[in-house]
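Student: Sequence:
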Amino acid sequence: MYRELHLVLPRPSGTVRTCVLLALLAATGIAILELVREQTGTPGFFVGLGLALVPVAPLMAAFRWLGRAAPAPWSQLLFCFGWGACTAALIAILANNFATEWIAAATTDASAADHLGSVAIAPVVEESAKAAALLLVFAFRRRHFTGPADGFVVAGFTATGFAFTENILYLGNAFVEDLADRSGALESVTAATFFVRIVLSPFAHPLFTVLTGLGFGVAAVSGRRPRRIGLPLLGLVLAMGMHALWNGSSQFGDHGFYVVYSCVMVPAFGLLVWLAVRIRRNRLRAVEGELALYAAAGWLGPAEVPALASMPARSLARSLARRSGGRAAGRTVARYEADAAALALLRNRARRGGPVREPDFAGRERELLHRLWRSRATAGPALARAAVMEELVPPWFDPLDPAAAGRCVPGPRRTDLRRSDPWSSATPAGPVSTRPCVLPGGDEVR
Numbered sequence: 001m002y003r004e005l006h007l008v009l010p011r012p013s014g015t016v017r018t019c020v021l022l023a024l025l026a027a028t029g030i031a032i033l034e035l036v037r038e039q040t041g042t043p044g045f046f047v048g049l050g051l052a053l054v055p056v057a058p059l060m061a062a063f064r065w066l067g068r069a070a071p072a073p074w075s076q077l078l079f080c081f082g083w084g085a086c087t088a089a090l091i092a093i094l095a096n097n098f099a100t101e102w103i104a105a106a107t108t109d110a111s112a113a114d115h116l117g118s119v120a121i122a123p124v125v126e127e128s129a130k131a132a133a134l135l136l137v138f139a140f141r142r143r144h145f146t147g148p149a150d151g152f153v154v155a156g157f158t159a160t161g162f163a164f165t166e167n168i169l170y171l172g173n174a175f176v177e178d179l180a181d182r183s184g185a186l187e188s189v190t191a192a193t194f195f196v197r198i199v200l201s202p203f204a205h206p207l208f209t210v211l212t213g214l215g216f217g218v219a220a221v222s223g224r225r226p227r228r229i230g231l232p233l234l235g236l237v238l239a240m241g242m243h244a245l246w247n248g249s250s251q252f253g254d255h256g257f258y259v260v261y262s263c264v265m266v267p268a269f270g271l272l273v274w275l276a277v278r279i280r281r282n283r284l285r286a287v288e289g290e291l292a293l294y295a296a297a298g299w300l301g302p303a304e305v306p307a308l309a310s311m312p313a314r315s316l317a318r319s320l321a322r323r324s325g326g327r328a329a330g331r332t333v334a335r336y337e338a339d340a341a342a343l344a345l346l347r348n349r350a351r352r353g354g355p356v357r358e359p360d361f362a363g364r365e366r367e368l369l370h371r372l373w374r375s376r377a378t379a380g381p382a383l384a385r386a387a388v389m390e391e392l393v394p395p396w397f398d399p400l401d402p403a404a405a406g407r408c409v410p411g412p413r414r415t416d417l418r419r420s421d422p423w424s425s426a427t428p429a430g431p432v433s434t435r436p437c438v439l440p441g442g443d444e445v446r
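Each residue of the sequence shown is one higher than the one before, starting from 1 at the first, in the working numbering.
Think of the hints as simulated: they come from the structure by calculation, not from any bench.
Small disclaimer: the values here were computed from a predicted structure and weren't measured.
The reader is advised that the hints may include incorrect statements.
[Said to hold, decoys possible] Label-pair restraints from in silico Cβ distances:
1. ARG335 with CYS263: 41 to 51 Å
2. GLY253 with SER75: 41 to 51 Å
3. VAL237 with GLY298: 47 to 57 Å
4. GLY256 with GLY363: 47 to 57 Å
5. ARG224 with ARG285: 23 to 33 Å
Don't be surprised by glycine CBs; every beta carbon is placed ideally from N, CA and C.
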């Protein structure tokens, strides 16, 4: 019956899905703002809002830096932030309050209900609500969910939004309490709350949700169905467990918070930072190795490959293009860099999982190559010049001399990629040379 309905009912278009999600975010945003304002009062709301904004920009910049190798669209990242700040926060507040009140009524012990709700209910509800954003991106924007780095970024933006709204509530309530007690600035509850939540642990919620994001990220490049289902669930369980440990740290004695913070949270944060840097570096290496195959087939210039695998060179290429051609040229180079990285990661996933994992590989590859070819006249010289200036190629390299380029530009650092490529036995770039891209007007690009 379900299959028959699926065949009869049309699938909602991307525009319809976007409108529905925007309406949902708007409705939940209005509801959560009014709910928080009711609990904190108008003065407390604005004080909490101002203080809660402090860690948002640094956290977003850090996660954006991680994903710069193959940047996700800003619309997707802002959706994740909005989901965390609005929808997930509203679900968490309503569900936590209902569960705590129900437990208190059943046990007639308000303190026990608060403790149980904080340790057992809140981690499950909050992490599940945040994970819903990752699931939506994973299901409907799969082409932008290409590996662990994307899981890192999507989870980080979602958790940053959630922590932002939660900080407004905590800081606003603390300010109202200080007004009632007429506390001084240094001994105020607001200062203590700001120190704990903004200074000591602004990474707490991102740390929890990143575990779920890593599960989705590894599942995105896995060829086995059990892993694609089990890894996100495993990441979600780990996120809930760490969240519960953090919330229950105050129950471990007078120094329980400091013990959990120093022995668990800080080492886990350091481990994830190391992992993030390693994932970013490996992603750039994959970009370099895969694009070398397209350069060998003539789709890219030899000097473009090392430039596209270097973030400083990419930034310099955009600056050079803006100097010579204005902002439009800079945007063209930025799109060229993003498309080249997307092409490399697309081939990398297809090489790992084969046609089963990337059934639309040929069409997507042709689309990206078409876009690259149209922008290459602007982006190619800027990237080649950036490669020379960043000393990624010999200083005497002339990007306008193809013969010199073939003699001096170093090959990719990953020399084993050709041997493991299932298409490399036929041509240097596999299906690229056998299925040419057709430009407007009917000309074939070879």
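Student: Given the hint of 23 to 33 Å, is the C-beta distance from ARG224 to ARG285 inside that range or not?
Tutor: holds, 24 Å
Student: When you take the CB atoms of ARG335 and CYS263, is the distance between them in 41 to 51 Å?
Tutor: At 46 Å between Cβs, range holds.
Student: Can you tell me whether the CB distance of GLY256 to GLY363 sits inside 47 to 57 Å?
Tutor: holds, 56 Å
Student: Assuming the hint says 47 to 57 Å, is it satisfied by the Cβ distance from VAL237 to GLY298 or not?
Tutor: Given about 49 Å between the Cβ atoms, the range holds.
Student: Can you let me know if the beta-carbon spacing of GLY253 and SER75 is within 41 to 51 Å?
Tutor: At roughly 47 Å between Cβ atoms, SER75 and GLY253 fall inside 41 to 51 Å, so the hint holds.
Of the numbered hints given earlier, the model fails none.
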